[in-house]
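Number of protein chains: 2
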Amino acid sequence: MTQAFITPSRRVRITPWYNQVMSAGAKAFTVYNHMLLPTQFFGAREDYDHLSEHVQVWDVACERQVQLKGPDALDLLQLMTPRDMAQMADDRCFYIPLVDGTGHLLNDPVVMKVGEDIYWVSIASSDVALYAKGLVAGRDMRVEITEPDINPLAIQGPKSDELMVRVFGEEVRSIKFFRFKWLAYQGVDLLVARTGFSGRGGFEIYVPGPSYENGAYPVLAINLWDELFDRGEDLSVAPGCPNWIDFMEAGLLSYGNTIDAGHTPFEAGLGKYCNGIDTCLASEALSKEADEGPARMVRGVIFDSDDFVPSVLKDWSILDSTGKKIGLLSAASPSPHVGTHIGMGTIEKSHWQSGTFVSVETPEGLRTATVTDLPFR
Amino acid sequence: MTQAFITPSRRVRITPWYNQVMSAGAKAFTVYNHMLLPTQFFGAREDYDHLSEHVQVWDVACERQVQLKGPDALDLLQLMTPRDMAQMADDRCFYIPLVDGTGHLLNDPVVMKVGEDIYWVSIASSDVALYAKGLVAGRDMRVEITEPDINPLAIQGPKSDELMVRVFGEEVRSIKFFRFKWLAYQGVDLLVARTGFSGRGGFEIYVPGPSYENGAYPVLAINLWDELFDRGEDLSVAPGCPNWIDFMEAGLLSYGNTIDAGHTPFEAGLGKYCNGIDTCLASEALSKEADEGPARMVRGVIFDSDDFVPSVLKDWSILDSTGKKIGLLSAASPSPHVGTHIGMGTIEKSHWQSGTFVSVETPEGLRTATVTDLPFR
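As they're listed, the protein sequences go chains A and B.
Using the numbering used here, you'd call the opening residue of the first sequence number 140 and step up by one each time.
Using the numbering used here, you'd call the opening residue of the second sequence number 140 and step up by one each time.
Hints may be right or wrong, so weigh each one.
What follows is a list of derived Cβ distance ranges for each label pair [as the list claims (entries may be wrong)]:
#1 B:509 - A:350: 50 to 56 Å
#2 B:225 - A:281: 53 to 59 Å
#3 A:488 - B:158: 32 to 38 Å
#4 A:349 - B:230: 57 to 63 Å
#5 A:254 - B:228: 26 to 32 Å
#6 A:312 - B:488: 39 to 45 Å
#7 B:422 - A:225: 47 to 53 Å
#8 B:229 - A:357: 50 to 56 Å
#9 B:488 - A:317: 48 to 54 Å
#10 A:304 - B:453: 45 to 51 Å
#11 B:423 - A:503: 32 to 38 Å
#12 B:422 - A:308: 25 to 31 Å
#13 B:225 - A:225: 43 to 49 Å
#14 B:350 - A:417: 46 to 52 Å
With a straight-line Cα cutoff of 20 Å, these simulated DMTMM-like cross-link-like pairs (lysine to aspartate or glutamate) come out [as the list claims (entries may be wrong)]:
#15 A:464 - B:352
#16 A:453 - B:211
#17 B:453 - A:229
#18 B:453 - A:309
#19 A:453 - B:352
#20 A:453 - B:286
#21 B:453 - A:286
Here are some, though not all, of the chain B residues that point toward chain A, as calculated from beta-carbon distances under 7 Å [what the hints assert, rightly or not]:
#22 148
#23 159
#24 163
#25 167
#26 170
#27 172
#28 178
#29 240
#30 273
#31 278
#32 451
#33 469
#34 487
Rather than coming from a laboratory, the hints here were simulated on the basis of the structure.
Quick reminder that beta carbons are idealized off the backbone N, C-alpha and C, glycines included.
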């Protein structure tokens with residue numbers, strides 16, 4: 140396919156590390172939360188191989204924080220999610236499906252309590268702040284909703300601990316999976332979490348950008364970037380970004396790609412996070428699926444194909460042996476680990492069992508395929 | 140600056156005319172409402188020159204429609220806008236600033252009544268549907284909010300009437316500025332409006348895409364595209380897109396570029412649309428500015444510069460003669476019409492009068508500048 144350039148503008152925001160990322164050779168970008176997100180440095184496969192062995196620094200500033208502040212902030216979250224917010228410990232990175240009143244997904248963020256009655260909702264790409272503002276205006280709740288200039292920087296790959304220790308000290312090692320600590324960097328306490336959008340482990344550091352608190356930290360983000368590269372040279376540290384091959388093999392969900400506003404949390408395979416439905420605005424809408432389970436669900440698919448790897452730009456049909464449509468494939472990738480192509484799609488209950496033979500209608504023709512559990516690796 | 144490619148994906152949606160636009164040679168894209176929007180075909184200046192003389196067909200499917208349907212739909216709009224909705228005639232394309240409870244801009248769409256208690260809100264790039272859903276959930280209003288697969292196709296340039304007449308008949312000529320009619324195309328009534336994001340006149344056609352009404356019109360969008368090019372050959376019809384130079388000379392506002400969630404409607408220069416404040420949720424928040432006017436406003440700026448034309452990726456400071464910051468420039472362009480560079484920025488009242496000398500802090504250094512009224516042409 141012919142490739143086209145991306146046009147930078149103020150509306151599609153650059154990140155604090157834009158110059159660093161461009162200098163490091165970013166070849167392509169996507170747009171996420173109205174902000175640039177690099178998608179490739181040395182090549183999809185080259186980036187994947189490096190990520191599986193070494194450590195990478197990712198500019199994921201586009202994982203914007205919706206800050207909820209005020210006495211009703213927790214209640215607001217509970218209205219928007221079917222997950223029981225009471226189970227959120229103070230140091231948790233709490234993954235919550237967010238739903239509208241009809242029980243359909245608005246987003247699937249991670250929430251962290253960053254102060255008394257203050258929460259950061261680290262969002263996928265949709266303007267969740269607008270839904271929250273509408274709800275707050277409609278119900279007259281006491282919550283202030285802002286987007287502070289906080290920019291996640293991800294450190295991912297098997298050597299992440301080693302690199303992070305060199306910058307933040309040994310305490311890094313004690314951070315458990317999906318937990319966070321506040322660790323000092325150049326005199327400023329930064330939120331450091333053991334999270335990230337790879338299947339190789341690592342951290343996300345929440346870095347104040349130049350607009351945070353009236354310019355209190357004009358160069359902190361740049362200093363941190365530089366120091367990570369300086370101290371990681373012998374670890375083969377490299378610039379990176381969420382890698383589509385790794386992401387798919389890890390079976391991670393991507394709002395807009397594999398799940399969207401057409402899915403309920405149960406259909407997205409997030410039923411285990413639906414333990415607080417009663418206090419959610421969608422309690423009635425979700426009650427049937429809570430009892431009986433969904434009629435379709437996001438599942439893995441393995442399919443043979445020759446060397447082509449088109450991106451899924453529009454859903455591909457998934458067919459049963461009679462040619463009847465029983466699902467939609469919404470993402471695909473080659474998989475070095477599986478040795479063939481993998482995909483994720485939403486498949487009807489009649490055909491979602493692991494091992495079911497189906498076929499996938501790719502732009503290059505029909506391919507035989509097998510339904511499987513997630514993740515692939 | 141080095142250029143990077145854009146990565147297509149399902150999350151950043153393609154339009155019904157994606158193949159046509161790529162075949163026609165689109166060189167670059169931006170992302171708008173989670174959808175691709177071409178930004179250049181033959182070159183910014185070449186596209187500008189062609190637009191000023193001939194007629195272009197623009198894929199602006201990214202101008203998504205938020206459909207509000209139900210007995211409370213009009214009330215919902217009135218809660219969200221300071222403009223008096225009672226003044227909206229049935230055939231109007233009604234431009235309305237949308238604001239949150241604090242009086243800050245959420246979007247600046249055009250609204251059309253497309254049926255009894257059914258409205259299409261043709262939005263700029265923010266997820267307005269989410270704010271509306273939050274408000275509806277919070278206040279328990281009877282409004283169904285969807286995004287139907289309706290894709291605007293713009294016909295812009297001085298020969299637009301001639302081309303449109305060939306496809307839709309003479310009735311096209313009777314459509315007044317910012318009014319619409321339903322005109323038949325291949326047996327389907329399409330909304331045709333005399334609107335569009337150029338300063339050269341033209342129309343927007345609201346075209347059902349392949350997902351509209353369960354696939355009722357699988358190829359209508361493509362047929363229309365093809366017919367416009369077939370019938371316009373002797374008019375030098377060409378593919379186009381909102382052209383930044385033309386857009387700037389026309390002084391058009393762009394949510395995310397020249398106005399954003401930091402502006403009130405008064406600050407955006409939209410005070411004349413604030414005649415229905417009392418019934419808007421932001422009535423209290425906006426009352427002071429309604430009485431006294433804003434303290435800063437979006438204004439034009441003309442500045443000399445050598446041949447460079449950087450995009451404004453982050454606001455440039457606007458300074459007074461003592462070096463004090465008195466505004467922020469958020470957009471700039473060369474202007475063939477003015478003969479030098481033009482910009483738009485938000486400037487404090489003390490310095491917003493036309494003819495005021497200021498300076499602009501460009502990445503290439505300080506440039507002397509003059510404040511001026513909008514538009515530039």
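Each hint tested on the structure:
| no. | hint | result |
| --- | --- | --- |
| 1 | B:509 - A:350: 50 to 56 Å | 28 Å, violated |
| 2 | B:225 - A:281: 53 to 59 Å | 33 Å, violated |
| 3 | A:488 - B:158: 32 to 38 Å | 35 Å, holds |
| 4 | A:349 - B:230: 57 to 63 Å | 48 Å, violated |
| 5 | A:254 - B:228: 26 to 32 Å | 50 Å, violated |
| 6 | A:312 - B:488: 39 to 45 Å | 56 Å, violated |
| 7 | B:422 - A:225: 47 to 53 Å | 37 Å, violated |
| 8 | B:229 - A:357: 50 to 56 Å | 53 Å, holds |
| 9 | B:488 - A:317: 48 to 54 Å | 50 Å, holds |
| 10 | A:304 - B:453: 45 to 51 Å | 34 Å, violated |
| 11 | B:423 - A:503: 32 to 38 Å | 59 Å, violated |
| 12 | B:422 - A:308: 25 to 31 Å | 53 Å, violated |
| 13 | B:225 - A:225: 43 to 49 Å | 47 Å, holds |
| 14 | B:350 - A:417: 46 to 52 Å | 35 Å, violated |
| 15 | A:464 - B:352 | 18 Å, holds |
| 16 | A:453 - B:211 | 34 Å, violated |
| 17 | B:453 - A:229 | 36 Å, violated |
| 18 | B:453 - A:309 | 37 Å, violated |
| 19 | A:453 - B:352 | 17 Å, holds |
| 20 | A:453 - B:286 | 17 Å, holds |
| 21 | B:453 - A:286 | 17 Å, holds |
| 22 | 148 | 6 Å, holds |
| 23 | 159 | 13 Å, violated |
| 24 | 163 | 11 Å, violated |
| 25 | 167 | 4 Å, holds |
| 26 | 170 | 4 Å, holds |
| 27 | 172 | 10 Å, violated |
| 28 | 178 | 4 Å, holds |
| 29 | 240 | 4 Å, holds |
| 30 | 273 | 2 Å, holds |
| 31 | 278 | 4 Å, holds |
| 32 | 451 | 5 Å, holds |
| 33 | 469 | 6 Å, holds |
| 34 | 487 | 18 Å, violated |
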